[in-house]
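**Q** Here is what each chain is made of, one letter per residue.
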Amino acid sequence: MSAGPMTPTTELPATRLLPEELEVARLIVSALSLEVAPEEIEPEAPLFNEGLGLDSIDALEMALAISKAYNVKLRSDDERNHRIFASLRSLTAHIEKNRAR
Amino acid sequence: MPPEPGLPLIGRAAEEVICHRAGGLVTVGRLLAEATTLAAQLPAAGHAVNLCTDRYRMLLGFVAALLRGHPTLLNADASAHRLQALAGQYPGTYLLADAPVATSLPVIRVGEVEAAAGHIAPPLLPADRIAAIAFTSGSTGQPTAHRKPWGALVAAARAAAERFTLRHGDGPPSSILATVPPQHMYGFETTIMLPLQADVACHAGESFFPSDVLDALAALPPRRWLVTTPLHLRALLAEGRRPVPLAGVISATAPLAPNLAEAVERDWAVPMLEIYGASEAGSMASRRSAREADWLPYPGIRMGVEEVEVPGLGAVPLADAIEPTAGERFRLLGRRADLVKLGGRRASLAELNRLLAEVEGVADGVFLAPEDIESNPAARLSAYVVAPGRSAEDILAALRLRLEPVFLPRPLVLVEALPRDRLGKLTRAALRAMATP
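The listed protein sequences correspond, in order, to chains A and B. Okay, so the first sequence: first residue is 3 according to the numbering used here, each after it adds one. Okay, so the second sequence: first residue is 10 according to the numbering used here, each after it adds one.
Extracted from the complex, chain A is given alone in its bound form (with noise of 0.2 Å):
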């Protein structure tokens, strides 16, 4: 952690999401036939079990319909897999960060 003058945790309210944050969200939702409203993911939740209450199968359907969007592709030999899977906030960064534009 850096001890710079930064203002601590700035306050996003928690369910805020971000335009990209929302349109993963919706992509998900909409792949996995979730019953939640994309407005409603809690960004910083896990994805998997506890939180959002995914499974495998959902992981390879995720997968894909990333990779149809974004050109994104997932992999699980990637070191930073579980912190990419981590959450929405997490999932949305990776895809950010790798996607063809």
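The hints are simulated quantities; they were obtained by calculation from the structure and are not laboratory data. All values derive from a computational prediction rather than experimental measurement. Backbone N, C-alpha and C define an ideal beta-carbon position, used for all residues, glycine too. Each hint can be trusted.
Selected chain B positions facing chain A (Cβ under 7 Å, derived; list incomplete):
no., residue
1, F218
2, S220
3, A244
4, V415
Once you have looked at the hints, place chain B on chain A.
**A** Quick look at chain B alone, frame taken from chain A:
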């Protein structure tokens, strides 16, 4: 007659390749030498829960446990709750893991292992020695154990090797890449037992997403085999990239839709083979799905109507109804009673309905399997629920505590009443009519 001397732990020569790792290949001799070192670090007695996701480390841990005389519990669930349950049931339970595990049980970390010196011959194991214990989970996650004697595992591996031409002398050595975990009976039979008993090397790394699978296949030497599931095949075909030339693709865990089988044969120009199996009995039969409807039992397997005779195991009840056809072949008629299978897990709809009825505030409710459950790998159950004053999220949250996640309904629809007839019964037709207004 002299007593049966036993069956070899590894039925192969020391110089043969048994595994392809990122860092290079591993021979049978090397595996035995490393397993000997690892075995010395294991407790004197006990049961091994092998959680390793790297397939070589799974193999290494399994062989080390066998050298020590310990059965391996085929369980991939690393939750503290599940591990405690196993420890309560199996004396001396310890874990073999290649990643950190949050547990109070003894853990032996399987990393890079020093090879023991000198030539080590694979020992003979008694045919009745329990080498592995497989689990079927059911709807509630209350697993049932299925004990696997070494004789049954070896017989099954030899039968599969004969069926898929993986024996010595059947052709060049084969390499197998699997998308199924080695702790699942199908993955265990194909990527742990086959390399130990046939002319086969497994791929060690984790391969789950389409990109992983395609890249890893390209790195393997020919004759390459892909061992997978309908769910993965669908994703791989949708990915659009054609894999390197393969000797065969094998699918199991769920029925393969004819259009998927045909697409693999056409687009990849490779035989698409399907295995019929169950955790209780292991692999029982195979077919080339795009060309034949009937299943051919593995050598030594005898299909009855209600049960199957498995070498080394005896009679095992069948979960599916079957109909004998020409020769020894048979056709699958579908699941007995009300069983559904999703994501490789089985549940009874009656049991799911019972669990739903137990949720506080639920007055009535029913689970429904979609029409395409046997052909759509991503199919999900739905549920229609009468629960005045409660929300769908409430009920889902309660179900989440009781059910394996794969059986959670999508969607869960709240209704005012279910279309029960005068006898209180729900007919399939009435339910379908409600489901498609």
